[in-house]
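2 protein chains.
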Amino acid sequence: MTEFELIRRFTAPAPRRGTGVVLGIGDDCAVLRPPPGELLLATVDAVVEGVHFDARFAPGDVGWKALAVNLSDLAAMGARPLWALCALAVPEGADPRRLAAVGRGLAACARRHGIALAGGNVTRARELSLTVTALGSAPAGRVLRRDGARPGDVLLVSGTLGDAALGLAPGAAAALARRQRRPDPRLALGRALGPLASACIDLSDGLAQDLGHLCRASGTGARVELSRLPLSPAARRALAGAADPFLAPATGGEDYELCAAVPPGRVARALAAARRLRIPLTPVGVVTRGRAVVLEGPSGARYRPARAGHDHLAPHRRKPAF
Amino acid sequence: MTEFELIRRFTAPAPRRGTGVVLGIGDDCAVLRPPPGELLLATVDAVVEGVHFDARFAPGDVGWKALAVNLSDLAAMGARPLWALCALAVPEGADPRRLAAVGRGLAACARRHGIALAGGNVTRARELSLTVTALGSAPAGRVLRRDGARPGDVLLVSGTLGDAALGLAPGAAAALARRQRRPDPRLALGRALGPLASACIDLSDGLAQDLGHLCRASGTGARVELSRLPLSPAARRALAGAADPFLAPATGGEDYELCAAVPPGRVARALAAARRLRIPLTPVGVVTRGRAVVLEGPSGARYRPARAGHDHLAPHRRKPAF
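As they're listed, the protein sequences go chains A and B. In this text, residue positions in the first sequence follow this note's numbering: the first is 1, and each later residue adds one. In this text, residue positions in the second sequence follow this note's numbering: the first is 323, and each later residue adds one.
Think of the hints as simulated: they come from the structure by calculation, not from any bench. The structure displayed is predicted, hence computed values, not measured ones. You may find that some hints are simply not true.
To be verified - Heads up, incomplete: computed chain A residues facing chain B, CB under 8 Å, no partners named:
hint: 1; residue: Pro15
hint: 2; residue: Val31
hint: 3; residue: Arg33
hint: 4; residue: Leu135
hint: 5; residue: Arg266
hint: 6; residue: Val267
hint: 7; residue: Leu271
A virtual CB, placed ideally from N, CA and C, is assigned to each residue, including glycine.
Based on the provided sequences and hints, a complete structural model is requested.
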């Protein structure tokens, strides 16, 4: 199969037209019209076979996740998603039907969030990978950064935590495996939090680590009560009798939920906005002075997880962005 | 080495600030201010160890080329380059000094063209690769596309052809090897051609193939006189006595020169603009009715190169963009 045929098969299912696409796939660059007066937000992230996905992932899951993890970065900054580019690396002899199914997964995620696949490229490599660039926009005053948290802000976490990490276990419940394979970026919630939160980050590497990034950028500390971490029914079942029931919720990666710091006077509005969107949003702690990120167990004792803090280059560490 | 240390080393030499960088490396997304009223141009391209570069490339060449091939896409569309994101894939046990040198090469190319490295990510993979997203802008009326060529337009080629392909040969002259390893995208020329050319493409896969793309997109044919292809002194020496002296100039990839179709009434202005920029620009043929791309040898006979038309997925095929 030539690369032209491969590109055709991979891109055929994707939405190519959309807001501001002047010229999409087929020329040297995509030509895009940014929303007047707004800022452009850009992020890139790769999913690599054997690192970010394995044979347990259906091809469609791979394509979905490659786009979803990028859209989660846009969500974390309060952006509206607009366009994606996808660099595809394909091993010699790859099954064209499998690649077409990967393309359908990416297309499904793009359609769900109303964005267009505006360009990309394909190359040979030893393992399959997709490197997606996602572009979005936001009004200048609505961009959520990591570095704006202030002592006293309330820490709010969306959805439920630990599901994606638990979804990696052999025999994991379908609901947990689905969180691992088809993450659902919190774009609408991110935009709703744009005018309310003082800082935000998406939870790709686990709450302990990502909250650490937010606090370091903001020059603050944080205190989290582990008993308040939101758990799904499936996670509760999986964690019943676990040696460390807080390990997955506090340190498990890839939930792609949002963690926002919201000034106390705006918490009610943030919670109301989440209710309107039917997205759970749970206060789990506060931003503190100092530099320490303290996780408190139910007894009030400081929690020291077995493996908080990951090397993102280790297998199944997900979103080492810079 | 943790990924944070690796990111620090890789990105340290790169220019991070620049036109419109509101927030660069360090958050979930780069936040960028597009030039008001202009269109955004976006392209992505990967260079992969063993496919696009090998041990003959110094690490700095790899970083330079990864960015340069993307900037060439911006050049082909008449854009001003603004920002780049870089997704880095690193094999286990990679030498941190080598990665730092790759970063310095990328930084050197970014500085040369006045752009900022605004973001990126790092992941494990089996071979080293850099997937760069380049972003630029152009006024709406100045974007050069592939599909605007009209019969009678004159085909102009910048610089010299065949050097990069000849630079792959063992013992190639330093000038040729340098064209292969440190391509120099024709950004200023692309912008100068913006208001003059009816179509343009950059020569990543060789004139025969890339002109074919331009003609297919435009619904035209083309006739090129091979004896008019511009050759460097080093290429002339390398080709002296070659079995097929047109093979490298007509079909060799990776020169990253521009091929523009310019209406006859504007050719003098295009040539004058190139002279001002001190970039050779050579008429090599014309756009024709029909669909055939005809390469004419010195005798006037139709040329049939041994291997015109590449599978971009074969080793050392370079820029399979979509």
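These are the hints, each one checked on the structure:
1. Pro15: It is violated, given that the least Cβ distance between proline 15 of chain A and chain B is near 15 Å, above 8 Å.
2. Val31: Nearest chain B Cβ about 5 Å off; hint holds.
3. Arg33: This interface hint holds because 6 Å falls under the 8 Å limit.
4. Leu135: holds, 7 Å
5. Arg266: violated, 21 Å
6. Val267: violated, 22 Å
7. Leu271: Status violated, d = 23 Å.
Violated hints for the displayed structure, listed by number in ascending order: 1, 5, 6 and 7.
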